[in-house]
Each structure stands twice: as structure tokens, then as C-alpha cells.
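The lines below spell out each chain.
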Amino acid sequence: MGDVAGHRWDASQAALPAWSLPKDAVDRIALPAEWPEQVTREWAFGGSTGRGARVCILDSGVEAGHPSVGELERSVVVTVDEAGEAVVAEDTEGDVSGHGTACAGIVRALAPECSLASVRVLGANFAGSGAVLLAGLRYAVEQGFDVINMSLSTTKKPFAAVLHELADSAYFRRSVLVASAHNMPVESYPWRFSSVISVGSHEEPDPLAYFYNPTPPVEFFGRGVNVQVPWSGGRRLTVSGNSFATPHLSAICALILAKHPELTPFQLKNVLYLTATNVGGGR
Amino acid sequence: MTERGELQAAVAAGVVGSEEPFRALLSAIVEVARSLFGAKASSILLLDEETDELVFEAVVGEGEEHLLGMRFPAGKGIAGWVLATRTPLVIEDVRTDPRFAADVAEDTGYVPSGLMAAPLLHGERALGVLEVLDRPEASLFSLHEMELLGLFANQAAIAVDLLLKARRAERVLAGKDDLSVVARLAAAVDALEAERREAGLQLLRDLAATLGDRRS
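Chains as they are written, first to last, in the working numbering: chain A, 1 to 283; chain B, 1 to 216.
If you are wondering where the hints come from, they were derived from the structure by calculation, not from laboratory data. One or more of the hints may lead you astray.
[To be verified] In silico lysine-lysine, DSBU-like type, Cα no more than 35 angstroms apart, as pairs:
id	chain 1	residue 1	chain 2	residue 2
1	A	K23	A	K259
2	B	K165	A	K259
3	B	K40	B	K165
4	B	K40	A	K259
5	A	K157	B	K165
[Unchecked claim] Some chain B residues flagged as far from chain A (calculated, every beta-carbon gap over 12 angstroms):
id	residue
6	S27
7	A79
8	I91
9	E145
10	L149
11	A157
12	R167
13	L207
14	R215
Ideal placement from N, C-alpha and C gives every residue a C-beta, glycine not left out.
Kindly produce the complete structure, drawing on both the sequences and the hints.
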């Protein structure tokens, strides 16, 4: 595993590079021609419950067993020790703010049969939160989750380069990173990177309404205003913010990937575009 | 060696005086925020990096008398989440969140039923959190309000940055004689009248030239 403090990335984790295509190798990368003439929502996720897709909630922890969340595939807490090494341990504390439970509940409501896991990166101390965020994301990418929900960002420039590397790494390893755009006009990461699916809020009450934004960096808008969510302590609240729009898109990604597990993040983003409410979503 | 900017901060403190005007600015910001949102209370919490705590720095409305100066762990609760993730958040019916209630309400007797919170961001740093508590229950939240909250948070962040600079300057004045002399000098020249003031300024210009300042 890479060194969090030194920001190294272990090249052995990546497959051997294929930077050219010899004539005799063309057949080996033949892709199944299953694409319909028109990509519709019915084709994309009609009948999907998310079964088989693995979604990771990188947040404040998730309250396992909440009636609106159900059981978790796993629940870990990430910390960074004095030497700067990441420490991953079973999380017995649950949710330290309630936010992660809310995100998990949004995903569960739309993709009832997906597998949910929690990677807690908040709650230890504030000072170390940036390094812990990186370590948590690195762990999530290594675990090969299909979808990583990241309803958070950092404004620290020194972390941007490592986050960028991790986001690209996730992209090439077929882990879709769904990240909250910032509500305020500040530079923060990783949502600004093109290898992630960045999400802002719309005000529609339909949880399956999502819009493509032709003027990025925010690429998609999901439901993020006055959303009923589960909260820690077995409760329910009404909440607003981009951090709640993000799990809506994560859930839709899970529905699509459960039905079409062969899709790469590049293809998935195209499917999201083609089925967006303002593009072809009505069909 | 002193940290870059400390000397200037000390001079500024000698001229400007104390942190009071900046505290007044913070109070004005929470007052306007409360009024504009029609809320019952509004507050600004600052991060104390040394103790890893959030401190109520400005409070207006319910809880005003009790909350000022109160501290709680920065990694906890809703404000802690907003600070760590640098992301604004709006929650209705906070009463049902036991953590929030335990943090604040037990000590004050005031339990809000709704909360808007935005991080105070200055460059790469998160300085604290702006909170607006208990908007009118009848009004549904909209994206317009989120934008407004962000604007207030930006303004508050600038005021907080000034307050922190003034505090740093005061620490410099209190702790280091070699720097506080500069501030005392600035304050002394500022207090001189007409001819004596001109003579004082000339003395300073000569001193600056001796120290290698070519503009003198």
C-alpha cells in the first residue's frame, strides 16, 4: 500500500500498460455489441434493484441496522497514525454526525438490493481530516467498490494532486467516484476532476430526476433540496445540500451497473448523459 | 526569527488597536443573517486549532447569553461535519438529532428545530462555521437561500480572518518586546502634534534609509 504522508502510488497495483495495439491483438479487445439503437432509462436500469452492485459511503460512518438503511457489507474507520501510515479498523462507533446514514438511506431507497459499505473518514480530530480523507479514498479504491459516494471535498491544494491520482486510478479500475460539487464559489476537490461524476442540486421533488449540465465543472444535478432522510439514532430528517444530491446519482449508477456490470466509468457517464431528464430521460 | 507578517501585524495592532471592531463586525453579520432569514438565532463558531474545538464567537438571538465562548469538539456533530467536509448543510427538525441536542441544548435550554450551516473558508483554510437556527417553519428551503447562506459565510470568513490577524498581532505585542516596540513607535508618532509629528516622521524616514529602504 502507498504511503499516505509521502503520497506515493504503488504502480504494482495497476495492470500492465497497453499503450499500443498490435494487429494481432485487435480481436482480443473486441467488445460485445449490445448497445441498443436508443439508450433509454428502461434499457439502462429498468427492473434493476441494484442487486450485485457494491456502493461505498465515504463519510461520517453509517448507522447499521437503521430501518431505512439495513445491514452493511462492512463498516470500517480509517485513521492515520503518527508515522503517517493509514490504519483501517472495524468501525464500532457507527455514525458520528448522522450525515453518512442519510447518504446511505438515499442510496438504499433507490437501489434497495445493492450492497452498502461504510468507510468512516470523519470524527477523530479535525486537524488530520485531510490525510484521513485521502487514506479512506485510497482504501475504497483498493477494495474495488463499483460506486464510491463522496459527499465531501477538501480545499487544501497540497492534497489535490494525490486526490487527482486516486480519482484517475478509480476511473481506470472501474470504480465510479461520485463527488459533491461545492455550493460555494471556492476551489475544492475532487469534484472538479473530469474522472469523477460531479453532482450539484436541483429543486425537483423527483428522486429519479437528474440533469446533465452542458457547462461543467459540475456535470450532473440530482435531487438535493428538502429530501427526507434517515439520521443516526433511528430518526428521519428533512435536509438540503449538494451532499444529498450526490447519493441520488450514486444510487442511479448502482442501478445501471447492476444491470450492465460491463460498463466502464466512461461508458456509464455516457449512459447517464443519454438518460438525463433534460436529454432523453422522458423516453 | 519571527513569522513572516508578524511585524506588520504588530504595527497594524499598534495603529488599529484591539480586536473589538472585528468582533463587532462578526456580530453585525450574524444579526443581518438572522434578520434576513427571519430566523430565531444565528452564530459564528471559530476553530481553535490548538485544542481542536469549535468556539461560539458571535451569537445573536436565543441562547445569546449562554452560548458565547462555549466550546465543543471540532470532530463532532453537524457543525463538525460542515467544518471537516467544507460543505454547507441544511437540516430541518434538529430536535430529533440526539447528538446536536446533547452538544448544545442541555447547557442552554434552547433546542432549535432547524439549522443551516456553512463553512467559513479562507483560501485553503476552514476557519469555522456560520449557523442560522430556526427559520420560519412554514417556509420550505430553496437553493436561493443556500446561495445567500454561502454569501454570508464568505463575508463572515473575511471578518474572521481580520479578527484572527488582530489576535495574532495582540499576541505578538504581548509576548515579544522586540516587535512590540515597532507598534508602540507607530502609536507614539500617531499621537504627536504638528511640528513634533513632522520631526518624528523625519526621524523614522532617516531610520528607514539607514536600514536600507530606498524609498525614504
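So, going through the hints one by one against the coordinates:
no. : hint              : in the structure
1   : A:K23 <-> A:K259  : holds (33 angstroms)
2   : B:K165 <-> A:K259 : violated (56 angstroms)
3   : B:K40 <-> B:K165  : holds (30 angstroms)
4   : B:K40 <-> A:K259  : violated (49 angstroms)
5   : A:K157 <-> B:K165 : holds (22 angstroms)
6   : S27               : holds (22 angstroms)
7   : A79               : violated (9 angstroms)
8   : I91               : violated (5 angstroms)
9   : E145              : violated (9 angstroms)
10  : L149              : violated (8 angstroms)
11  : A157              : violated (10 angstroms)
12  : R167              : holds (19 angstroms)
13  : L207              : holds (39 angstroms)
14  : R215              : holds (34 angstroms)
When each numbered hint is compared with the structure, violations occur for hints 2, 4, 7, 8, 9, 10 and 11.
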